[in-house]
Amino acid sequence: MTTTVPRAGHPTRRTAVVLVVLAVACMAAGTTAILAGTSGGGTPPPQPGPAAMGQMPDHMAGSAMPAPPVTSSSPQAAPSGTPALPASRPTRLDIPAIGVHTDLLDLGLNEDGSLEVPGKPLQAGWFHGSPTPGQTGPAVILGHVDSYATGPAVFYRLGAMKPHQQIRVTRVDRTTAVFTVDAVRSYPKKTFPTLDVYGNTPDPELRLITCSDWNPHTHSYQGNTIVYAHLTT
Amino acid sequence: MRSTKTRVLTAIAVAATPLALPAAAWAAPASTDVPWVTYQASLDRITANHVTGSGKAMVQLSGNTAKITVTASGLVGGASPHAMHIHVGGGGVCPKPSEAKDHNGHASINVADAMKDYGMIGTSLTTSGDSTPNSALAVTRFPSGSTVDYSRTLEVTDDVAANLKSGKAVLVIHGIDYNGNGKYDSVLGASELDKKLPAEATDPALCGAFTTSQMASMPNGAADTGDGATQAHGTNTGMVAGGSAAALIGLGAGGYALRRRSATAR
Numbered sequence: 001m002t003t004t005v006p007r008a009g010h011p012t013r014r015t016a017v018v019l020v021v022l023a024v025a026c027m028a029a030g031t032t033a034i035l036a037g038t039s040g041g042g043t044p045p046p047q048p049g050p051a052a053m054g055q056m057p058d059h060m061a062g063s064a065m066p067a068p069p070v071t072s073s074s075p076q077a078a079p080s081g082t083p084a085l086p087a088s089r090p091t092r093l094d095i096p097a098i099g100v101h102t103d104l105l106d107l108g109l110n111e112d113g114s115l116e117v118p119g120k121p122l123q124a125g126w127f128h129g130s131p132t133p134g135q136t137g138p139a140v141i142l143g144h145v146d147s148y149a150t151g152p153a154v155f156y157r158l159g160a161m162k163p164h165q166q167i168r169v170t171r172v173d174r175t176t177a178v179f180t181v182d183a184v185r186s187y188p189k190k191t192f193p194t195l196d197v198y199g200n201t202p203d204p205e206l207r208l209i210t211c212s213d214w215n216p217h218t219h220s221y222q223g224n225t226i227v228y229a230h231l232t233t
Numbered sequence: 001m002r003s004t005k006t007r008v009l010t011a012i013a014v015a016a017t018p019l020a021l022p023a024a025a026w027a028a029p030a031s032t033d034v035p036w037v038t039y040q041a042s043l044d045r046i047t048a049n050h051v052t053g054s055g056k057a058m059v060q061l062s063g064n065t066a067k068i069t070v071t072a073s074g075l076v077g078g079a080s081p082h083a084m085h086i087h088v089g090g091g092g093v094c095p096k097p098s099e100a101k102d103h104n105g106h107a108s109i110n111v112a113d114a115m116k117d118y119g120m121i122g123t124s125l126t127t128s129g130d131s132t133p134n135s136a137l138a139v140t141r142f143p144s145g146s147t148v149d150y151s152r153t154l155e156v157t158d159d160v161a162a163n164l165k166s167g168k169a170v171l172v173i174h175g176i177d178y179n180g181n182g183k184y185d186s187v188l189g190a191s192e193l194d195k196k197l198p199a200e201a202t203d204p205a206l207c208g209a210f211t212t213s214q215m216a217s218m219p220n221g222a223a224d225t226g227d228g229a230t231q232a233h234g235t236n237t238g239m240v241a242g243g244s245a246a247a248l249i250g251l252g253a254g255g256y257a258l259r260r261r262s263a264t265a266r
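Chains A and B are the protein sequences, given in the same order. The first sequence begins at 1 in this note's numbering and counts up by one. The second sequence begins at 1 in this note's numbering and counts up by one.
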């Protein structure tokens with residue numbers, strides 16, 4: 001949630017009002033009910049397993065995080081070098097494999113330079129400081145894994161994605177950029193590999209981001225799950 | 001003496017605060033009127049110098065203020081210092097293997113050999129104090145060991161800023177182990193920069209030209225995209241179809257989690 005909540009120390013009636021507004025907003029988001037059919041609200045979200053992680057694109061051979069041992073013997077197809085699309089703001093995201101169908105919010109940066117996260121837990125958002133999906137470079141789309149208001153949120157099942165699955169991004173110019181998953185990775189937030197995730201790419205690529213690695217002691221997610229994909233049509 | 005209501009509100013505010021304060025991987029650049037532009041470099045090994053490592057570098061520049069991060073691995077280990085510089089005024093490229101010359105009977109590339117490729121030192125990436133070319137070989141103020149995890153905000157000269165913008169800035173990490181014995185020695189003779197140092201200590205190891213980031217603005221590390229609503233309680237609430245029902249259950253879970261948080265709040 002990006003809504004500013006007053007810090008502790010000077011509790012006021014406004015604090016309570018803000019929280020109520022938050023709750024109402026979240027309930028409104030909940031009525032879109034895109035999560036109908038997903039598994040229970042008390043179940044931790046799926047995490048990417050070694051067999052599902054895939055291989056990073058070739059241009060990232062020097063990545064800080066080495067790929068895990070690959071159990072499959074079939075070599076990964078190299079990014080195809082599909083021609084880039086002109087810039088056009090993305091409006092919609094469809095990931096059939098994990099049942100995600102959402103309009104996209106427009107996201108910026110918080111004052112501390114971190115990514116603004118969607119104000120609506122059931123919608124993902126495109127970071128407008130990244131290339132538009134289909135342009136050359138790493139387009140960034142992020143969504144919540146869960147929220148108090150909705151239980152599971154839009155990217156609850158992101159960690160279950162596997163290489164070769166498709167991601168479709170519809171754009172304002174009515175073109176649809178179709179991406180194919182290369183790899184799924186989880187990183188501790190403390191050692192987030194900024195240039196692996198946000199670094200330049202030779203072709204159009206996509207990064208889907210959500211939270212992972214729940215710490216029951218600190219009651220916070222300590223990692224991020226990233227889906228790496230490249231444009232195929 | 002605080003009322004019960006005040007304490008409750010405080011607990012709620014404390015519980016909610018982490019939602020509004022995403023964790024930062026490093027200190028964010030202070031906001032200024034000049035927008036931050038990001039440059040990045042993939043650091044490749046100078047193969048002629050028998051280097052096996054790799055790395056990445058990023059400069060976020062606003063005016064003359066540069067927030068610099070460098071990560072690298074596979075360098076000469078132990079206490080071996082690794083001088084690091086932003087080079088400017090050359091061709092904006094790294095030396096090719098074919099540029100190796102004979103040094104003490106061994107084909108290798110020293111700093112001078114590659115000068116036309118990456119130019120002169122513009123900024124010394126020291127860990128503290130002076131960062132001008134005067135500190136080019138301040139070996140006690142550079143990272144040491146096989147891995148580098150460097151982060152520092154420095155003021156760079158107009159020339160360095162201009163070279164970053166024009167694609168002529170190159171990051172070079174020095175210090176190689178040509179003969180693979182785990183330390184700097186004189187196998188390649190003395191350094192052409194300082195006769196008291198072995199050439200292995202100053203020869204280029206990793207090199208990468210800075211290019212402008214494809215990101216119009218570079219996020220500060222990770223994203224806070226979850227608050228643990230599906231983690232903070234053990235019961236399966238049986239999410240059902242129907243948004244209102246889902247929302248109500250979610251509110252219940254949220255309330256529970258808030259109470260849990262307040263119980264363990266800092």
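Keep in mind the hints are simulated off the structure, nothing from the lab. We treat Cβ as the ideally placed atom computed from N, Cα and C, and that holds for glycine. You may find that some hints are simply not true.
[Unchecked claim] Reference excerpt, derived from the structure (chain B facing chain A, CB under 8 Å, subset only):
no.: 1; residue: Gln40
no.: 2; residue: Thr52
no.: 3; residue: Pro97
no.: 4; residue: Ala100
no.: 5; residue: Lys101
no.: 6; residue: Gln214
no.: 7; residue: Met215
no.: 8; residue: Ser217
no.: 9; residue: Met218
no.: 10; residue: Gly221
no.: 11; residue: Ala222
no.: 12; residue: Gly226
no.: 13; residue: Gly228
no.: 14; residue: Gln231
Hint by hint, work out which the structure violates, then give me just those numbers in ascending order.
Hints 2, 3, 4, 5 not satisfied by this model.
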